[in-house]
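Asks: Residues per chain, in single letters:
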Amino acid sequence: AQTVTQSQPEMSVQEAETVTLSCTYDTSENNYYLFWYKQPPSRQMILVIRQEAYKQQNATENRFSVNFQKAAKSFSLKISDSQLGDTAMYFCAFLEETSGSRLTFGEGTQLTVNP
Amino acid sequence: GAVVSQHPSRVICKSGTSVKIECRSLDFQATTMFWYRQFPKKSLMLMATSNEGSKATYEQGVEKDKFLINHASLTLSTLTVTSAHPEDSSFYICSASLLGTNYGYTFGSGTRLTVV
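In order, the protein sequence lines correspond to chains B and U. According to the numbering used here, the residues represented by the first sequence are 1131 to 1245, in order. According to the numbering used here, the residues represented by the second sequence are 263 to 378, in order.
If you are wondering where the hints come from, they were derived from the structure by calculation, not from laboratory data. One or more of the hints may lead you astray.
[Said to hold, decoys possible] Derived coverage of chain U by chain B (criterion: at least 3 residues anywhere in the stretch with Cβ under 8 Å from a Cβ of chain B; other residues may be distant):
id, region
1, 265–276
2, 281–293
3, 344–358
[As the list claims (entries may be wrong)] In silico DSSO-like links for lysine-lysine, alpha-carbon gap of 30 Å or less:
id, chain 1, residue 1, chain 2, residue 2
4, U, Lys328, U, Lys282
5, U, Lys276, U, Lys328
6, U, Lys328, B, Lys1200
7, B, Lys1200, U, Lys282
8, B, Lys1185, B, Lys1203
9, B, Lys1203, U, Lys276
10, U, Lys276, U, Lys326
11, U, Lys276, U, Lys317
12, U, Lys328, B, Lys1203
13, B, Lys1208, U, Lys304
14, U, Lys317, B, Lys1208
None of the values given here were measured: they were computed from a predicted structure. Backbone N, C-alpha and C fix where the C-beta goes; we use that ideal spot for every residue, glycine too.
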């Protein structure tokens, strides 16, 4: 079974600074997809960024970027120029093509952006 | 963009009663929807996969007779918590995919269920 590990239960960063959230996963599959989701206090789950395992290029979405290391099974999220609105729980998620479309989530990292 | 509407956002019910939660895909058809349960400050736990026109697939440990799932159309899935008890109090979230699951899921806004 696939597992996703987020080793940082809580993190904090000053506004305008950069922070990196870590995520590792375990799988024997070669084709899969990785996601970062954000859950602010409203508890609405929001897709932040997506990475396809067969693409070597790291995904980027504005201030959000990932460092995808396939051999190390690592998928970290970097948030640049942190904003107060980035305060949220961040979940790393894994999807493999043969899983029946089921997402496997990590335990989450609570990020607090301080003014 | 894809929107998944979930209602109600909050519900309080008495022990022993049943409560229904609706999940609608507003601008797309969803042959598959997913139901999750989330405890405070915890991750999402998949309860079941809802397939249009067929029986739902439940995860191990989830009581299918307590958590009834119906997916009667391509835009609506419902979760009914039957004979609710205080331990069923939780946050329930549904999700669906517009472009195919490989592109990620859109989530409903969740339902906070409190059983008193």
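Asks: State the violated hints by number, sorted upward, taking the hints as numbered earlier in the document.
Replies: Numbers 1, 2, 6, 7, 9, 12, 14, in rising order.
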